[in-house]
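K.L.:
The residues making up each chain are set out below.
2 protein chains.
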Amino acid sequence: MGPDAGGASHIARLAVDEAMPLDCGRSLGPIDIAYTTHGRMNADRSNAVLICHALTGDQHVVGTHPVTGRAGWWETLVGPGRPIDTDRMFVICANILGGCMGSTGPASINPQTGTVWGTDFPLVTIADMVRAQKLLIDHLGIDRLFAVVGGSMGGMQVLQWAVSYPDRVFAAVPIATAARHSAQNIAFHEVGRQAIIADPQWHQGRYADHDTRPTKGLAVARMTAHITYLSEMALHTKFGRRLQDRQRMSYGFEADFQVESYLRHQGISFVDRFDANSYLYITRAMDYFDIAADHGGVLANAFRGSRVRFCLISFSSDWLFPTVESRTIARAINAVAGNVSFTEIDTDRGHDAFLLDEPVFARIVSGFMDGAAAHAGLVRP
Amino acid sequence: MGPDAGGASHIARLAVDEAMPLDCGRSLGPIDIAYTTHGRMNADRSNAVLICHALTGDQHVVGTHPVTGRAGWWETLVGPGRPIDTDRMFVICANILGGCMGSTGPASINPQTGTVWGTDFPLVTIADMVRAQKLLIDHLGIDRLFAVVGGSMGGMQVLQWAVSYPDRVFAAVPIATAARHSAQNIAFHEVGRQAIIADPQWHQGRYADHDTRPTKGLAVARMTAHITYLSEMALHTKFGRRLQDRQRMSYGFEADFQVESYLRHQGISFVDRFDANSYLYITRAMDYFDIAADHGGVLANAFRGSRVRFCLISFSSDWLFPTVESRTIARAINAVAGNVSFTEIDTDRGHDAFLLDEPVFARIVSGFMDGAAAHAGLVRP
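Read top to bottom, the protein sequences are chains W and U.
Last residue of the first sequence: number 381 in UniProt numbering, and the count goes up by one each step with no gaps.
Last residue of the second sequence: number 381 in UniProt numbering, and the count goes up by one each step with no gaps.
Since no wrong hints were added, every one of them can be taken at face value.
Note that identical chains are pooled: a pair holds if it fits in a single copy or bridges any two copies.
Straight-line Cα separation of at most 20 Å, SDA-like style, residue types lysine to any residue; simulated pairs: (1) 238 with 293; (2) 238 with 319; (3) 134 with 46; (4) 238 with 297.
If you are wondering where the hints come from, they were derived from the structure by calculation, not from laboratory data.
Let's have the full structure, built from the sequences with the hints guiding it.
P.N.:
Here it is, written out as structure tokens:
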């Protein structure tokens, strides 16, 4: 199926003739990048929108997920008549390099040994993920993406796209993200990694050789992270101190409170669809992310001369990627006379708000996409 | 050594003739309560101050800790000439029931089986801990405590003292605490418990029988909790994104960032001094804590008719026990015309601020203690 078909899954084999260099100094190739497309590419290939997914997301941005059977993770924002309108745009969403839904990652086979990479897989950075996406965009014959859009770690990729390939991006929508990972966020990631590494089923990352998986450690990692995705108010509103299936406390260690039961479910269901080593690699990539550090310590330098149109969005109760992080980016772009709009959405749903039905958020993305399309001279197909 | 000696460690055997009833419906006795005393009791036994420790604290409030060799955990606040002045007051600090520093807890021997209790130990609540402290105060022949003082879970005990035994307390100083544990705090505790339970060395709580300990799980639990004790700003100021002993990233899973190294150290050093089952029991006691629920859902009812003088203190950057929790308590006491002062200390050091050298905090405690002593007719010995 060609790239102009709608709602389809593909795998592209890239970096075949020449291995792709990585920030760590090693190189990798050939690599597989699994992606989905939605809508139709127009004749001059000017209507492509790349969606970048978050830490535990994947390419199934719309449509039924093949593993979980659930709806796509961004159907609130992407689809026919939605803010990112697949009647008008050609939407591409690729599983990141290092991921575990079809793209090359630590669960893939190392062609040189014929066994699973495990922790022999080279460490990849956000910039490496974007390099792989760039190879995909080249492969699809797209000179310039109309837009790159993503939240959380997806937003990091959006920023990296704009910084690495400013001439290949017309508009960028980094949502609920930051130009560098904070000490507190590194700390939470480190706890998750240590939970995985402490699981004896991890086997120094070589669990595939032992035909097992560190599911308990990965579940604990997911539980920790999940708390950071919600606001205190969201947890309070959703659960408070309500008891689970009981009139009174058990006076034991069962899940007495609904919030405990919910967290345990988040942990257990996650391990069915995610690879523990991928979790280690991807969290590490986020921790390393620091755009200013790559530009002499001055964030504004990263955007100097850029003609990319930015639409930054944050959520008021997001304490993982608080508004101040987006404001820092907006100021840096303004400092070099870039083109940037910035909105904080008032919500008590925390970081997860970017994945939820938030009407004001949807309206802002819709308005920005329409305005940018007009500026780009994109006519309805 | 008698209770009027200064700077001494004791163990009291309590509930000997009659087992102590617990909230869970079971009873426990005899119980050991390990405690330290500092300063001298006056002739009419009216100058006793009970210090209540937090989740991972113990009775070594001042003086060298016998296991870690470090200074007492509250030497900033307690000692000769300090706000809680041992030249003037007789300070008592007891290891909580359920603890692991000499008081009866899950690591103690079950007299009925001759083996370690483990998870056969009954679940204890904050009110049970306070019941045991009350037996100790009876044992010491003290009719009324001049003051009960504590931070975090220690503050919960202070509140419980004032509610359970209002006639036995003249003044109460609940610091950085809450009248009920929030959904977010329960969630963080649940992650810590799951980390311990996921450790195969936990052996369903019977690790003593296997001559092992779930140190990896306990270390992960401690790391998670430790993040919540600091503010985002404190982590940023203390560590930022600074690298550990390196000029550049390792592109691996070593502790590249100082914050990772710090957290790992916190986890590893904690397991040397703490019992994993105690951690399960004590976190559960905090989760269950809800004073309003015990009083028809109305917090103010808990304080109706109380003559206890309260001094509530919170810290502006504490997100584990935010200021709103203390304000809720102050309002409840005010609603029944109680005697309460409330101060929020401006600091960026997070929850841990109550353990640190914070001059304004020390001055407020000092002023309150002096004022209360005057009202109580306490003359310098």
